[in-house]
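Peer 1: If you want the building blocks of each chain, they are given just below.
There are 2 protein chains.
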Amino acid sequence: MKIAIDAMGGDLAPQEIVLGAIDACRELNAEVILVGLEPNIKGILDSKQITGLKLEICHASEIITMEDHPALAVKAKKDSSLVVANQLVKRGEAAAVISAGSTGAAMTASLLHLGRIGGIKRPAIATPMPNRLGVGVLIDAGANADCDSENMLQFAVMGSIYAEKVFGINKPRVGLLSIGEEETKGNKLTLETHELLKESELNFIGNIEGRDIHQGNCDVIVCDGFTGNVVLKLSEGLSSVLFGQIKAAVAANCLNTLGGLLLKPAFGKLKAQLDYTEYGGAPLLGLKGISMIGHGKSNAKAVKNAVRAAMKAVDQGVVSKITAAVNR
Amino acid sequence: MKIAIDAMGGDLAPQEIVLGAIDACRELNAEVILVGLEPNIKGILDSKQITGLKLEICHASEIITMEDHPALAVKAKKDSSLVVANQLVKRGEAAAVISAGSTGAAMTASLLHLGRIGGIKRPAIATPMPNRLGVGVLIDAGANADCDSENMLQFAVMGSIYAEKVFGINKPRVGLLSIGEEETKGNKLTLETHELLKESELNFIGNIEGRDIHQGNCDVIVCDGFTGNVVLKLSEGLSSVLFGQIKAAVAANCLNTLGGLLLKPAFGKLKAQLDYTEYGGAPLLGLKGISMIGHGKSNAKAVKNAVRAAMKAVDQGVVSKITAAVNR
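Order-wise, the sequence lines are chains A and B.
Numbering of the first sequence is given in my numbering, commencing with residue 1 and proceeding in unit increments.
Numbering of the second sequence is given in my numbering, commencing with residue 1 and proceeding in unit increments.
It is worth saying that the hints were derived from the structure and are not from the lab.
Model, not experiment: these values are computed from the prediction.
Please note that a few of the clues may not be correct.
Because identical chains cannot be distinguished in the list, a pair is counted as satisfied if it fits within a single copy or across any two copies.
Here are the simulated DSS-like cross-link-like pairs (lysine-lysine), alpha carbons at most 25 Å apart as the crow flies [claimed, not checked]: (1) Lys-185 / Lys-75; (2) Lys-185 / Lys-297; (3) Lys-269 / Lys-247; (4) Lys-90 / Lys-233; (5) Lys-247 / Lys-271; (6) Lys-247 / Lys-264; (7) Lys-188 / Lys-121; (8) Lys-233 / Lys-271; (9) Lys-171 / Lys-312; (10) Lys-171 / Lys-288; (11) Lys-301 / Lys-269; (12) Lys-198 / Lys-171.
The shape of chain A in the complex, shown without the other chains (with noise of 0.2 Å):
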């Protein structure tokens, strides 16, 4: 199978981008097909070690920027990176396809050009959340900033074939983003939600509250795209002032700098845990194609990362067993 990557999209775009493509080839033995701008993509390639790898290049002459508007770019430049590489899976040449630019651009280019399996309403970004103990799925973490109670029981459908699937979870655990453990307790959407997820045949645990967010209690966190988007940024925005602190703080004197150093191997650990480029990308749920969106700031490891979960994506045929879920 080839995977797709818009070469041009994201904040280190191109050069971490491909970088990322070649190590996907090394060290997962994937097919790679880089879009975008053939000299830039080539200048990058030219000066590393990449014989036997598949990797194709795919020159696309046009660039959607974080400045312009994602609706409108999508549908103008038709020979953007993200365009073309969005239609590569649609023609089949590719399997899935990857990007780290705006997810605005990235969510209507492969709305646009996979196209929403039928039966679903919306799709939704699920995103990994790391916790505790481990990592579980957040969906949505901002596609649909209003939703509507059937919206939220597909998300949760759709986190749950993607929890088990590509994190290997089995019968993942589902909860409702609420403000109460009681099923009382919650606004219109979740009281709402609540009622249609205890009739599924999802394994729903119930309401969790924002402290179980990251306590490894839950393996899928459902909510509409306005909390999750609020939730996703909140723990990226807190972690990094916690550990702003505490590297000012480190710095601040002598006896700090040292106990700095004897804890700098579990502090690396601690961050690796909390680090979004381990996964490397969400995907957009709910097309007949797997779309992964990066973050913007992806790095090669990110851009790796995102390469294994589409593979696997692909692999486990995650497309199909939502169709097959949404159409019982």
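Based on the hints, put chain B in the right spot on chain A.
Peer 2: Relative to chain A, chain B alone:
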């Protein structure tokens, strides 16, 4: 001014509540009425040196527990410490009420007995949110799971007055919690609220995102009570997971333990910065009286600091300032 404290509310009641009241009298020269089972309160006071302190007991024979249904219990248990404490404020015998018991019951009791300020549609909880540079106010932290944009505008007005009067922040920067900085980003509720805030006389700085919450670039964070409650509990949960993991790492081997010892003062400072007990309690704003809701785990320090905040709110005329602002 006298402050009525529900001595029986909270996980550590009555012991820590009574000790906090003593500290408040001693350190802040507060006048406190401890409301609850007289023998129990007396039993704690008897072993303490309280001569000269302005400390009274007001007997109340019933207790509202966490197992009680909030609304039903407030109506049924008319001689509960929570209801009696609120009635003291209603009758003008106390200037403010503090409870660390069931949040739902505390809200119901204050709403019922103190009553809403005319013009205020929905009272809201304004919770202190520690950040990298100090402290801000998050409103609504959970009183209203479903809100409309007019509610949100009033939350912004009330939060702004509280931040200015109690935290001494001049022209507090008001941010609307959303999922993108641009005013076109958000859900239906935040898009509508953005318009209202833009036209208001508040120091509105636009949308903020989850990652900004702990950065300290905003003094009043406005959101619906569902999102606010998730934010609050997530922040608490993630900090506790991170500190827990650092603690485990420090215990893992001798070098780490030494590192931990050297960094102990720094960690202590960092923890104190995030510590809710520093700020004591969160007022339910929009009522004809000051009602402070304490954290369920409130210890003596939290109670003392809740008394401090309540005294300041009374002193600075927060209720009359809100009344004037909404009836302009």
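Peer 1: At most 25 Å between alpha carbons: which applies to Lys-90 and Lys-233, within, between, both or neither?
Peer 2: Classified as neither: same-chain Cα gap 31 Å, cross-chain 42 Å, threshold 25 Å.
Peer 1: Pop the pair Lys-188 and Lys-121 into one bin, within, between, both or neither, using alpha-carbon distances up to 25 Å.
Peer 2: both (20 Å within a copy, 19 Å between copies)
Peer 1: Between the shortest in-copy and the shortest cross-copy C-alpha distance, which are at most 25 Å for Lys-247 and Lys-264: within, between, both, or neither?
Peer 2: So Lys-247 and Lys-264 pass the 25 Å test inside a copy (10 Å) and across (14 Å) alike.
Peer 1: Is it within a copy, between copies, both, or neither that the alpha carbon of Lys-233 lies no farther than 25 Å from that of Lys-271?
Peer 2: both (16 Å within a copy, 21 Å between copies)
Peer 1: If the cutoff is 25 Å on CA atoms, where do Lys-171 and Lys-288 land: within, between, both or neither? Let me know, please.
Peer 2: Within one copy only: 24 Å inside a chain, 51 Å across chains, cut-off 25 Å.
Peer 1: If the cut is 25 Å between Cα atoms, do Lys-301 and Lys-269 qualify within a copy, between copies, both or neither?
Peer 2: within (16 Å within a copy, 35 Å between copies)
Peer 1: Should Lys-185 paired with Lys-297 be assigned to within, between, both, or neither, using CA atoms and 25 Å as the limit?
Peer 2: Between copies only: 21 Å across chains, 37 Å inside a chain, cut-off 25 Å.
Peer 1: For Lys-247 vs Lys-271, is the C-alpha pair at or below 25 Å within one copy, between two copies, both, or neither?
Peer 2: Both: 12 Å inside a chain and 14 Å across chains, each within 25 Å.
Peer 1: 25 Å Cα cut-off: does Lys-185 pair with Lys-75 within a copy, between copies, both or neither?
Peer 2: Cα proximity of Lys-185 and Lys-75: across copies only (20 Å, versus 43 Å in one copy).
Peer 1: Have a look at Lys-171 and Lys-312 and pick one of within, between, both or neither, based on CA distance no larger than 25 Å.
Peer 2: within (18 Å within a copy, 53 Å between copies)
Peer 1: Are the CA atoms of Lys-198 and Lys-171 at most 25 Å apart within a copy, between copies, both, or neither?
Peer 2: Answer is within: at 15 Å inside a copy they meet the 25 Å cutoff, but 47 Å across does not.
Peer 1: Within a copy, between copies, both or neither: which one fits Lys-269 and Lys-247 at a CA-CA cutoff of 25 Å?
Peer 2: Classified as both: same-chain Cα gap 15 Å, cross-chain 13 Å, threshold 25 Å.
Going through the hint list in order, the structure does not satisfy hint 4, though it satisfies all others.
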